[in-house]
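Number of protein chains: 2
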Amino acid sequence: MASKAKLRGGIDLGGTKIQAVVVDADSKVLGSARHPTPTTGGPAAVAAEMAGALNEALEDADADAAKLQGVGVGSPGDVDAKAGTVARAGNLPDWERPFELGKALSDALGTPIALGNDVGVATEAEFQLGSGDPYQSLIGVFWGTGVGGGIILDGKQWHGRGGAGEIGHVVVQEDGARCPCGRHGCMEAYAGRGAMEAKARKEHDDGRKTDLFKIMKKHDRVRLTSGIWQRALDADDKLAHELIDRAVDAIGTAVASVVNVLDVEAVIIGGGLGVRLGEPYAKKIEKRARKNLFNDSRPPDFRVASLGDFGGAIGAALLVDGARPS
Amino acid sequence: MASKAKLRGGIDLGGTKIQAVVVDADSKVLGSARHPTPTTGGPAAVAAEMAGALNEALEDADADAAKLQGVGVGSPGDVDAKAGTVARAGNLPDWERPFELGKALSDALGTPIALGNDVGVATEAEFQLGSGDPYQSLIGVFWGTGVGGGIILDGKQWHGRGGAGEIGHVVVQEDGARCPCGRHGCMEAYAGRGAMEAKARKEHDDGRKTDLFKIMKKHDRVRLTSGIWQRALDADDKLAHELIDRAVDAIGTAVASVVNVLDVEAVIIGGGLGVRLGEPYAKKIEKRARKNLFNDSRPPDFRVASLGDFGGAIGAALLVDGARPS
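Chains as they are written, first to last, in my numbering: chain A, 8 to 333; chain B, 8 to 333.
Worth flagging that the hints you see were computed from the coordinates, not collected in a lab.
Heads up, a few of these hints could be off.
When chains are identical, the list treats them as one kind, so a pair holds in a single copy or across two.
Within a straight-line C-alpha distance of at most 25 Å, the following computed DMTMM-like cross-link-like pairs (lysine to aspartate or glutamate) qualify [stated by the list, open to error]:
hint, residue 1, residue 2
1, Lys245, Glu204
2, Lys290, Asp252
3, Lys298, Glu103
4, Lys298, Asp182
5, Lys74, Glu56
6, Lys206, Asp252
7, Lys163, Glu272
8, Lys224, Asp85
9, Lys24, Asp213
10, Lys89, Asp303
11, Lys298, Glu272
12, Lys209, Asp31
13, Lys13, Glu272
14, Lys35, Asp140
15, Lys298, Asp85
16, Lys89, Asp114
Bound-form chain A, shown alone:
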């Protein structure tokens, strides 16, 4: 049941899924819905699906749009919060030029829309409401299709000139493996689920034995999702273990580099794979990072993102005016 207090909506726009939530004044999730991200129809189709997911979350919360103070959106790509546009949304179909996502959603939902960067809002959510709550400085590492990063210094997000936080493109091997970004040796080239899947396919095509793709088909998937990787690990698939261990090494190494430069209090591991693999793998990442922590007498705390799959959407809802705790 929705309370009489004003509600906020939050939408996390991902390459695979759209997660929508409706939260109360304390950021408690009252309703939620998850839709697959449309792969055809361009930005307009994606916006329509986002509105659909939010309406379903409202139903789930037994509330109606009139009660919404506003809806926040965490989006990939180049987000211009003021203009209400999103451009170059990496994994999304036909989404190169700026699209007026704010206007499209506000027309569909009849409520103010606030746009933010997907990783930024997820970091903010963990910092304000999740595992990052005890700290004033931290990095968020969002391990999914790519590996995104968020930075909190002195209680505030650090954006640089707008492009900070690209922890997935911290180099772990000079002139190393080719990254989906086109450069070489980036952490994401070893640890991003996209790069891992490409590597697994290649090994499989080259005759390497693995059940990864069998499990994928059995579960009616076309990609190696986090759940598929988890199942392959549980089934002790050797290639899955190898590739995940390789990813853990790359993430741990990159995290150590960043901590050596920023000396933050905590490292929060989130994202689809990070949340799915959870504590045991956060421990492995910590162990690898410690090998390269310069200030090894005072390592940061390593924590799994506690808001789980909802973190991005809850963080998006924090974008709505007046949502931030005073």
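We have chain A; now place chain B onto it with these hints.
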């Protein structure tokens, strides 16, 4: 000639040399002196030599200690500014336990002493008075025996929990070359003058032809100083070129990683080797960094530290109360 305005002293304590300056209210250098860092006698001998160097700088400025408002010191190791102590000063002899450097110098010079971290004060000097002046965010890369780093974000130094800025220990090769710090793959393992000298000696001992050590002896040195490297490059020594290029690649790669995370406006290249090799090598570092800059449409500016060898000492003088521009 010293003006009537109050003067400040600054001392940059290095592993090889002690650089002292006397500056006026505008941080203009009125006098300077450079002494070799004592290799025996422990912290007390080092402190005595520091006082000697400052007195010589006072003579050079035609001023006396009574005119000094105070003396600032940039020191390696664990600096406790409040307690006036320095511990674990890496390259310095028998300097593990905390030594009351502030008291020793204040007794010898009869003036208040302010302690700071060597790389921190050098970064501050470049930011306030040098190449960093046009920017509000930058990283300083001090390429010398080791490779130190300083970070300015939003016009202020970022120290983290006290250990930030270790850009020399950003990893460039997972499980790569052993670093003087004992870990593997750090940038400094390829780019620090200490590591480069060890590598050159090994190659030479293994029969590799090089004039590096001939030039060193000719110039009456026992180490491969920045000047020796410069001369070997000028003489087109093949090994010298190889090792410097390898260092440039490592620095460029680490800088790219840090810029991908922080998106700062500028990268300032300083330190003994950085200043000595100057613009052409800063350009090479920039070129290498660009290969891995994620936001490649808006790279940071790359600049050589403009205060040169005096930067550390001038920055140290900024530590004296009231020296910072309001």
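Hints, one by one, checked against the model:
1. Lys245 with Glu204: within (15 Å within a copy, 43 Å between copies)
2. Lys290 with Asp252: This pair counts as within: shortest intra-copy Cα distance 12 Å, inter-copy 37 Å.
3. Lys298 with Glu103: between (40 Å within a copy, 23 Å between copies)
4. Lys298 with Asp182: both (22 Å within a copy, 9 Å between copies)
5. Lys74 with Glu56: within (21 Å within a copy, 74 Å between copies)
6. Lys206 with Asp252: within (13 Å within a copy, 32 Å between copies)
7. Lys163 with Glu272: both (14 Å within a copy, 19 Å between copies)
8. Lys224 with Asp85: neither (34 Å within a copy, 57 Å between copies)
9. Lys24 with Asp213: neither (31 Å within a copy, 58 Å between copies)
10. Lys89 with Asp303: between (42 Å within a copy, 24 Å between copies)
11. Lys298 with Glu272: Intra 17 Å, inter 31 Å, cutoff 25 Å: intra-copy only.
12. Lys209 with Asp31: Neither: 47 Å inside a chain and 66 Å across chains, both beyond 25 Å.
13. Lys13 with Glu272: neither (34 Å within a copy, 41 Å between copies)
14. Lys35 with Asp140: within (16 Å within a copy, 46 Å between copies)
15. Lys298 with Asp85: between (35 Å within a copy, 21 Å between copies)
16. Lys89 with Asp114: within (17 Å within a copy, 59 Å between copies)
In this structure, the earlier hints numbered 8, 9, 12, 13 are contradicted, and the remaining ones agree with it.
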